[in-house]
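Asks: Protein chains in written order, with my numbering: chain A, 1 to 352; chain V, 353 to 647; chain L, 648 to 1033.
Hints are computed from structural coordinates only; laboratory data are not their basis.
A quick note: this is a predicted structure, and the numbers were derived from the prediction, not measured.
Check the hints yourself; a few may be wrong.
[Claimed, not checked] In silico lysine to aspartate or glutamate, DMTMM-like type, Cα no more than 20 Å apart, as pairs:
#: 1; chain 1: L; residue 1: Lys746; chain 2: L; residue 2: Glu950
#: 2; chain 1: V; residue 1: Lys468; chain 2: L; residue 2: Glu950
#: 3; chain 1: L; residue 1: Lys852; chain 2: V; residue 2: Asp466
#: 4; chain 1: L; residue 1: Lys746; chain 2: L; residue 2: Glu721
#: 5; chain 1: L; residue 1: Lys719; chain 2: L; residue 2: Glu955
#: 6; chain 1: L; residue 1: Lys892; chain 2: V; residue 2: Asp527
#: 7; chain 1: L; residue 1: Lys867; chain 2: L; residue 2: Glu848
#: 8; chain 1: L; residue 1: Lys746; chain 2: A; residue 2: Glu27
#: 9; chain 1: L; residue 1: Lys868; chain 2: V; residue 2: Glu355
#: 10; chain 1: V; residue 1: Lys468; chain 2: L; residue 2: Glu848
#: 11; chain 1: L; residue 1: Lys910; chain 2: V; residue 2: Glu355
[Unchecked claim] Taking CB as the label site, the calculated pair distances span:
#: 12; chain 1: L; residue 1: Lys788; chain 2: V; residue 2: Leu495; range: 17 to 27 Å
#: 13; chain 1: A; residue 1: Leu208; chain 2: V; residue 2: Met529; range: 54 to 64 Å
#: 14; chain 1: L; residue 1: Glu950; chain 2: A; residue 2: Ala344; range: 55 to 65 Å
#: 15; chain 1: V; residue 1: Ser442; chain 2: L; residue 2: Lys719; range: 25 to 35 Å
#: 16; chain 1: V; residue 1: Leu635; chain 2: A; residue 2: Leu208; range: 40 to 50 Å
#: 17; chain 1: L; residue 1: Ile846; chain 2: V; residue 2: Ala502; range: 30 to 40 Å
#: 18; chain 1: V; residue 1: Leu410; chain 2: L; residue 2: Glu955; range: 17 to 27 Å
#: 19; chain 1: V; residue 1: Leu429; chain 2: A; residue 2: Asp214; range: 39 to 49 Å
#: 20; chain 1: V; residue 1: Leu429; chain 2: L; residue 2: Glu950; range: 52 to 62 Å
#: 21; chain 1: V; residue 1: Asp439; chain 2: A; residue 2: Val348; range: 20 to 30 Å
#: 22; chain 1: A; residue 1: Ser232; chain 2: V; residue 2: Leu635; range: 47 to 57 Å
#: 23; chain 1: A; residue 1: Leu207; chain 2: L; residue 2: Ile846; range: 48 to 58 Å
Note that CB positions come from ideal geometry on N, CA and C, so glycine has one too.
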Amino acid sequence: MKRYISILSLAAVVAVIQLGSTLCGREYYLTQLTMAAYYSLVAVGLCMLMGYAGQISLGHAAFFAIGGYTTAVLTTMNLQAHTSSRIVSLLVQCGLAKPGTDLYGVAQLSLSPWIALGGAGIITVVIAIIIGIPVLKLKGHYLAMATLGFGIIVYRITLGTGLFGQADGISGVPQFTIVPGIAIGGGFANKVINYYIAWVMVICGMLLLLNLIDSRVGRALKSIHGSEEAASAIGIHIPRYKLMVFIISALFASLAGVCLTHYNGGIGPSEAGVMKSVRYVAIVAVGGMANLWGTLIMSVLLNYLSLRGYFGSYDDAVFGAILIGIMLFAPDGIIKTIRTKVEARVKVKVRE
Amino acid sequence: MLEQTVQYILSGLTIGSIYAIAAIGYNIIYNATGIINFAQGEFIMVGAMTAITLSAFLPLPLAILFAVIITALLGALIEICCIRWLDRPSVLRMIIITIGLSILIREAALHIWDEKVRSLRFFTGNEVSSVSVFGAHISPQVLWVLGICALIVVLLNVFFKYTLTGRSIRACSSDKMAASLCGINTRNMVTLSFMLSGAIGALAGCVISPITQTQYDCGTHLAIKGFAVAVFGGLGNSMAAVAAGLIVGLLETFSITVMPLAYTDAISIAILLLVLFFRPSGLFGNREAGRLKEF
Amino acid sequence: MKIFKILGVTLLSMGMAISLSCAKKPAPQQVVKIGALFSVTGPASFLGAPEAKTVQMLVDQINMAGGVKGAKLEAVIKDTKGDPENAISFAKQLIEEEKVFAIIGPSTSGETMKIKNLCEEAKVLLVSCAAAEVIVNPLAKYVFKVPQKDSQAAIKIFETMKKMGISKIGVVSSNTGFGNAGKEQLEKLAPENSITILISEVYDKTATDLTGVLAKLKSKKVQAVVNWSIEPAQAIVAKNMKQLKMGVPLFQSHGFGNIRYVKEAGEAGEGIIFPCGRLLVADLLPADHPQKSVLTKYKTDYEAKYQEDVSTFGGHAYDALMVLVKSMETAGLDKEQVRMALENLKGFAGTGGVFNFSADDHNGLGLDAFEMLTVKDGKFALLEQK
């Protein structure tokens, strides 16, 4: 029951922040909070993989990019030239391709983002399986390096392929109309609605993960994390569980990629970069590894500050310092460490 | 046609020698501690940057010498501040710490120096001089890189096999507890190995700087390639690292003939993944010995 | 119930952050905010760093001289690190929160394209410092750019080649937006200039050695090599070509406009031919040249203030800010008026050339903005054409 109360209070906080900023006439804070929410979706997914399944991934930005680039490519493709082809006309009839005009009055016939979303999901699962099976057999440095290598390959492909716009990335991605009137898009008028879309997604994601942790799967994962030998001795099929979590966290990243790409109206190769992956790891580490709430809070906070440019030219340095500081002094995450310290002090006082 | 092939081979050797010399540094810390130092690339960058700054008012050999010493001290500093006092840290923790270090050093370099590209003078000749082999050409600096590679490998082998300190470092690697029972100060040995790999990184940075040019963020790229090469050869084996570096360099160069240049990086990383999946002990590593390691 | 506490603390701190910034007081004197998005750090820092420095210097100078139309300028410079997502976030911030008058930058084409629609929607002037032609073609009402057009650089290069009797060339370009745009233009314009591109290769901007790809070019027996990139790696192309004894001329793009690259290339840089704005050869210009005074002043000011060589990249920021200031001086402080004034700005001498904007040309530079330069004794010199 507790987790529903937590989720409800999260929803309350989300609503209060929106109301507060609107009342204050400062709705523009919601822009970065929306973006931070999507990045947090990646972070909590990675938290599941790192904290609960104990597998580091230094290539998680790749899954974000796979989602983002899939939707960007599919929705910016202009099918106007192929209207005569049977597939295209079928798509139009089903309402899966929509004619329109772009900002400069050029006629466009673009695929529905729903197809893109489905496509991104399928591609992500397939790649996660292909990569996950061999990679998750590795341990320690080799696992880190293999995931890093996967991230680099995806980054290189986005940089080197004309279809993905090479270094410029893809721009002009249309908005994603979920139901008429509600669309994921970066227009100045849609801030509030987009804020809620993003946070509803985060809340659903959290609910899913929290339930997963408290289920049979979660308990199996905990035993794997504790000792793989012991886990397999009591009949837990380790590779299957690891792969499952890997796919779930890849899907979270990919979904975030799809949504943020529509929100931003484009995507660039920096989203697939090594530094991005390292950032996600840093956030999970600060949050306390096996601590979804800690990861969520730290992710929103750090991403929000970073996206608002508070760190200026020291942005990467801040993340580097956080990584070292946390791992040296508080490997259980900032919140837990502070709490144990405080609790210890309280206990001392009680004894006195 | 012959000239063409020879030219590709020479180009491959050029790139390969750069990877090889970057890879050697990994092995020393790995041999002593079982840690992969993700900040190794930054040693290369710091070494080269320091040497370039110093070479403005010092003769080249002295500048390089001081750069090597300074970087070695940096290595020691890192070990003392971030690693020495940790009590049996997990592999995950070490990975994250060294990644954090690499980011911090890189950002510090950006603010100490600036974003501009620099390079050290060519050791012999200049930008346009080249040595001719069967009608193909190679920069004399590449010969320097290869020569210094060979020198480092020989010296390291002698050091690890025949000197007491070197043997002590190896002892720490195979069993820390047993080593300390034999009276070896294991902590100092780890510090020493960080100094050593800092020094080798710096030397590598100086010798490749005329070819590759140096910028505050060049370390990451070299570190990734260096690691790939080190794994390819078999972690912990410097000789194998050099051979693997040259092989990867040749593969990359010949891949240019059949596919766009933009994908060469993806090729070498894909090779790395295949090695990790199918032969984690590396090309020249011993399968059985590889299994005994923690990984 | 610790989760309540945590959430409560977060809520409180965010509320405080909001209320704190609510309390910010407006400045007494009229201030015109100019937003600037530059990649001061990150992989494109060689563009962004001099640009940010230039803007800061110019704003200080303008304010010292009394500001624009009685208003002080304030530059709000944001470091995007070259990441489009940062550019988007910062652009929204500048537009909605800082309520900037106009935005200059970003440094790269990828970032500019991401915020082009945003600025158009918000009706905020954007004067980009990135080169790709897609920025102003298709034309957006509020989007301008100051660097010279890639196509004109390509035409300049081809014209010089024709004079030198070169018809078969090889092209190498870097895998950045700048390199790709240039490659595209070269391939498009080559046939009409009766030049054949025998081979075209793209290299990575972090490349460490390019002898392999140049050997491939050499085997095709090209008469000249065109290298189109803006990164430091272009000095490597020069060095490797000389080491391979290719013995054919090397043409560079206008991205070579940084004396640093010449220093890097050393002796290998001698004889490189490239089209460029006149900033680098300011002292070689005749005294009556319209750009002469502007160029020398900017060059001496910048070099005195920052103790480093001036580059054409910083010059783009100069042009972006100055065309804006010039339009504000003629049209006042109304955004729409300034946009009109900028569109009608004629004969403005900047560092990149003499700008003549019009309703369908938001770049304003013609072929004459370029001068063919070469490297002689480690310095830039005008190319003497036979």
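Asks: Starting from the range 55 to 65 Å, see whether the pair glutamate 950(L) and alanine 344(A) falls in it by beta-carbon distance.
Replies: holds (59 Å)
Asks: Is it true that the C-beta distance of leucine 410(V) to glutamate 955(L) lies inside 17 to 27 Å, as the hint says?
Replies: The hint (17 to 27 Å, Cβ to Cβ) holds, given that leucine 410(V) and glutamate 955(L) are roughly 22 Å apart.
Asks: CB of isoleucine 846(L) to CB of alanine 502(V), is that within 30 to 40 Å?
Replies: Taking Cβ atoms as reference, isoleucine 846(L) and alanine 502(V) lie about 36 Å apart, which means the hint holds.
Asks: Given the hint that lysine 468(V) pairs with glutamate 950(L), test it: the Cα-Cα distance must not exceed 20 Å.
Replies: The given pair, whose Cα atoms are some 15 Å apart, holds under the 20 Å limit.
Asks: Hey, lysine 867(L) versus glutamate 848(L), does the alpha-carbon distance stay inside 20 Å?
Replies: Since the Cα atoms of lysine 867(L) and glutamate 848(L) sit roughly 12 Å apart, the hinted pair holds (cutoff 20 Å).
Asks: Does the Cβ distance between lysine 788(L) and leucine 495(V) fall inside 17 to 27 Å?
Replies: Violated, at about 59 Å.
Asks: Sort out whether glutamate 721(L) lies within 20 Å of lysine 746(L), counting only the CA atoms.
Replies: Answer holds: lysine 746(L) to glutamate 721(L) is near 12 Å, not above 20 Å.
Asks: Take a look at whether the Cβ-Cβ distance between serine 232(A) and leucine 635(V) falls inside 47 to 57 Å.
Replies: violated (31 Å)
Asks: Can you confirm whether the C-alpha distance between lysine 746(L) and glutamate 950(L) stays at or below 20 Å?
Replies: violated (32 Å)
Asks: Is it true that the CA of lysine 910(L) sits at most 20 Å from the CA of glutamate 355(V)?
Replies: Measuring from Cα to Cα gives roughly 31 Å; hence the hint is violated.
Asks: Are the Cα atoms of lysine 852(L) and aspartate 466(V) separated by 20 Å or less?
Replies: Roughly 18 Å between the alpha carbons, so the hint for lysine 852(L) and aspartate 466(V) holds.
Asks: Go ahead and decide if the range 25 to 35 Å is satisfied by the Cβ distance of serine 442(V) to lysine 719(L).
Replies: violated (56 Å)
In this structure, the earlier hints numbered 1, 5, 6, 10, 11, 12, 13, 15, 20 and 22 are contradicted, and the remaining ones agree with it.
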